[in-house]
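Participant: Let the sequences and hints guide you as you build the complete structure.
Protein chains: 2
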Amino acid sequence: MKKLMNDSRYVVEEMIEGYVKAHPDYIRQLPENDRSLVTTKETREGKVGVLIGGGSGHEPGFLGYVGQGMADGVAVGNIFASPSPDPILEVTKAIDKGAGVAYLYGNYAGDIMNFGMAAEMADLEEDIRVETAIASDDVASAPKEEKEKRRGIAGEFFIYKAAGAAADFGYDLDEVVRVAKKANENTRSMGVGLSPCALPQTGEPSFEIGEGEMEIGLGHHGEPGIEKGPLQTADRVADRLVNDILEDITISKGDRVAVLVNGLGSTPLMEQYIVFRRVEQILSEKGIEIYRSYVGNYITSLEMGGLSVTLMKLDDELAKTIDHPVDCPMFVQK
Amino acid sequence: MKKLMNDSRYVVEEMIEGYVKAHPDYIRQLPENDRSLVTTKETREGKVGVLIGGGSGHEPGFLGYVGQGMADGVAVGNIFASPSPDPILEVTKAIDKGAGVAYLYGNYAGDIMNFGMAAEMADLEEDIRVETAIASDDVASAPKEEKEKRRGIAGEFFIYKAAGAAADFGYDLDEVVRVAKKANENTRSMGVGLSPCALPQTGEPSFEIGEGEMEIGLGHHGEPGIEKGPLQTADRVADRLVNDILEDITISKGDRVAVLVNGLGSTPLMEQYIVFRRVEQILSEKGIEIYRSYVGNYITSLEMGGLSVTLMKLDDELAKTIDHPVDCPMFVQK
Numbered sequence: 001m002k003k004l005m006n007d008s009r010y011v012v013e014e015m016i017e018g019y020v021k022a023h024p025d026y027i028r029q030l031p032e033n034d035r036s037l038v039t040t041k042e043t044r045e046g047k048v049g050v051l052i053g054g055g056s057g058h059e060p061g062f063l064g065y066v067g068q069g070m071a072d073g074v075a076v077g078n079i080f081a082s083p084s085p086d087p088i089l090e091v092t093k094a095i096d097k098g099a100g101v102a103y104l105y106g107n108y109a110g111d112i113m114n115f116g117m118a119a120e121m122a123d124l125e126e127d128i129r130v131e132t133a134i135a136s137d138d139v140a141s142a143p144k145e146e147k148e149k150r151r152g153i154a155g156e157f158f159i160y161k162a163a164g165a166a167a168d169f170g171y172d173l174d175e176v177v178r179v180a181k182k183a184n185e186n187t188r189s190m191g192v193g194l195s196p197c198a199l200p201q202t203g204e205p206s207f208e209i210g211e212g213e214m215e216i217g218l219g220h221h222g223e224p225g226i227e228k229g230p231l232q233t234a235d236r237v238a239d240r241l242v243n244d245i246l247e248d249i250t251i252s253k254g255d256r257v258a259v260l261v262n263g264l265g266s267t268p269l270m271e272q273y274i275v276f277r278r279v280e281q282i283l284s285e286k287g288i289e290i291y292r293s294y295v296g297n298y299i300t301s302l303e304m305g306g307l308s309v310t311l312m313k314l315d316d317e318l319a320k321t322i323d324h325p326v327d328c329p330m331f332v333q334k
Numbered sequence: 001m002k003k004l005m006n007d008s009r010y011v012v013e014e015m016i017e018g019y020v021k022a023h024p025d026y027i028r029q030l031p032e033n034d035r036s037l038v039t040t041k042e043t044r045e046g047k048v049g050v051l052i053g054g055g056s057g058h059e060p061g062f063l064g065y066v067g068q069g070m071a072d073g074v075a076v077g078n079i080f081a082s083p084s085p086d087p088i089l090e091v092t093k094a095i096d097k098g099a100g101v102a103y104l105y106g107n108y109a110g111d112i113m114n115f116g117m118a119a120e121m122a123d124l125e126e127d128i129r130v131e132t133a134i135a136s137d138d139v140a141s142a143p144k145e146e147k148e149k150r151r152g153i154a155g156e157f158f159i160y161k162a163a164g165a166a167a168d169f170g171y172d173l174d175e176v177v178r179v180a181k182k183a184n185e186n187t188r189s190m191g192v193g194l195s196p197c198a199l200p201q202t203g204e205p206s207f208e209i210g211e212g213e214m215e216i217g218l219g220h221h222g223e224p225g226i227e228k229g230p231l232q233t234a235d236r237v238a239d240r241l242v243n244d245i246l247e248d249i250t251i252s253k254g255d256r257v258a259v260l261v262n263g264l265g266s267t268p269l270m271e272q273y274i275v276f277r278r279v280e281q282i283l284s285e286k287g288i289e290i291y292r293s294y295v296g297n298y299i300t301s302l303e304m305g306g307l308s309v310t311l312m313k314l315d316d317e318l319a320k321t322i323d324h325p326v327d328c329p330m331f332v333q334k
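Read top to bottom, the protein sequences are chains A and B.
Residue numbers for the first sequence follow the UniProt record's numbering, beginning at 1 and rising by one.
Residue numbers for the second sequence follow the UniProt record's numbering, beginning at 1 and rising by one.
Keep in mind that the hints were calculated from the coordinates and are not lab data.
The reader is advised that the hints may include incorrect statements.
Any copy, or any two copies together, can satisfy a pair, since identical chains are not distinguished.
Capping the alpha-carbon separation at 20 Å, the derived lysine to aspartate or glutamate pairs in EDC-like fashion look like this [what the hints assert, rightly or not]:
| hint | residue 1 | residue 2 |
| --- | --- | --- |
| 1 | Lys2 | Glu213 |
| 2 | Lys21 | Glu289 |
| 3 | Lys320 | Glu42 |
| 4 | Lys320 | Glu289 |
| 5 | Lys2 | Glu208 |
| 6 | Lys149 | Glu125 |
| 7 | Lys2 | Glu227 |
| 8 | Lys286 | Glu17 |
| 9 | Lys93 | Glu42 |
| 10 | Lys320 | Asp174 |
| 11 | Lys334 | Asp168 |
| 12 | Lys21 | Glu42 |
| 13 | Lys334 | Asp255 |
| 14 | Lys97 | Asp168 |
| 15 | Lys286 | Glu204 |
Facilitator: As structure tokens, this is what we get:
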């Protein structure tokens, strides 16, 4: 796969450099680690700091979601790899304004280890209280009874948005993390992969898939899904994804949901809206109210082909977080 | 190429249906043509109506740019094909509030014919005054002396933003079109193509390109570029694109520009920011001030691989249009 890059070893550094130069009013690097980015709008005294992070290659996740109404800072890892504890700790120190810091990330072993170490260092060395909410929205990645084993995928967007809003509302650390965990409990995603991406270092495809095939439940680093089969129509794909979600979480007539149709990289908006069309039909037939819809590339996997559908079941508190305005370089909501 | 669709004949209809269902607070269809979309925020009495349009497959262009601060309505064509006069006329009637309507579109024969016919019908049948500004920002598509023959590509985004702001400022029709034309005069784009897209109807690639090759100056429907050669580094590609722009328009030390690095579809944000990094270096070395930067998929060509660089030279009036807030389903600026 062709890449516009200079040296595959420095793609993350060069991306960050370009990103900071493109949006100097929004984002700045911290002095010790060039993988530590924080909002230029100083975190308010007494506001809980919201820290997100994870591997690169998911842009606009995660660095694109630092700004007003979402995260205060991000620690950036290598492509599809967790950031190390040092940048996480540096961001933690920068965004702690006396109220502690909420760590939000997807359920991956490397992230759990590195964010866990950083949290311990923040406590022991800096006396900063850290609490954590881990996203595990991918229905396909473990059985219903073991939600805590599931991967975090596109639903992370809703979880970060909910926590960012809660922190802005002035909630304390326990409350921010409670909201983030509730958002995660209420969020389910199911994806379909059509074509692989390639790591810049190797140029090798992230998974194998035949012409005319699709893979249901594929992870966003190319982790195996639950079923490979012939490519179906957009409507049948939407039926399958929404059906699997609704078998996993009870969403009933009259309930409200936020919907995210998330492109994985190379799938055009046209196809994403065609899939959304069917998602809306299904929910409408069931009397489930769509409170707000997001369609686009929110958490990607480089140039992977495919998309996911995410539903977050809303109560009044989560609906309020969804309505909260956001001003980030890669996502603005009025 | 794999597509998430139902029937290739109805991809545009189904996309529009999904789009309107996803953003009912923003956009609605008019009764006579399902390709006629207007903002739900009623156009102010006495405000110039701003009408954009063109083929589908360029999402978020063009339907994504209907909303406050940009266009009042859009006429949607088939994939890579102009809309017919009927939807254009219907939108014209809906958004005319006594001050006339500005038509903005790219320089393609089909668009010129169809928008021209609609303008004539608006005048003769409805007594609505229409004036037109045609985008022709693609440096590669004709020599400097014949700018009026050039194609419109990603720079259309700046031209629509400038005109939308001018209309919001309360400028009259002549003034809105003057600003749009000035924006076009001051805007230059250069693109590079790495991989083709495929039309849903045929599945055939839009152009041929070898492994390890790139094509400089490729049009955004796959029109031939000016040079095919081996894929170069991101920095050398940026050098070439910016150099060709700066040979075409005088932008001097102390001048201000708006920059757009526009992904064509499947090129990840990571690569777009790596290219932006070098664009910023070049401009900075020349003492050219970047007033505002946009990086992302603003006007695409389905899943085409590659990107373009656009510079718009700013005077105070154009800078003010760039700062103007926008609230559209696919683009929000605070």
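Participant: Decide, hint by hint, whether the structure agrees.
Facilitator: Tested hints:
no. : hint               : result
1   : Lys2 with Glu213   : between (22 Å within a copy, 9 Å between copies)
2   : Lys21 with Glu289  : between (41 Å within a copy, 12 Å between copies)
3   : Lys320 with Glu42  : neither (24 Å within a copy, 26 Å between copies)
4   : Lys320 with Glu289 : within (15 Å within a copy, 40 Å between copies)
5   : Lys2 with Glu208   : both (18 Å within a copy, 15 Å between copies)
6   : Lys149 with Glu125 : neither (30 Å within a copy, 65 Å between copies)
7   : Lys2 with Glu227   : between (29 Å within a copy, 17 Å between copies)
8   : Lys286 with Glu17  : between (47 Å within a copy, 19 Å between copies)
9   : Lys93 with Glu42   : within (13 Å within a copy, 48 Å between copies)
10  : Lys320 with Asp174 : within (18 Å within a copy, 44 Å between copies)
11  : Lys334 with Asp168 : both (15 Å within a copy, 18 Å between copies)
12  : Lys21 with Glu42   : within (18 Å within a copy, 38 Å between copies)
13  : Lys334 with Asp255 : neither (24 Å within a copy, 31 Å between copies)
14  : Lys97 with Asp168  : within (13 Å within a copy, 40 Å between copies)
15  : Lys286 with Glu204 : neither (43 Å within a copy, 39 Å between copies)
This entry does not satisfy hints 3, 6, 13 and 15, going by the numbered hints stated previously.
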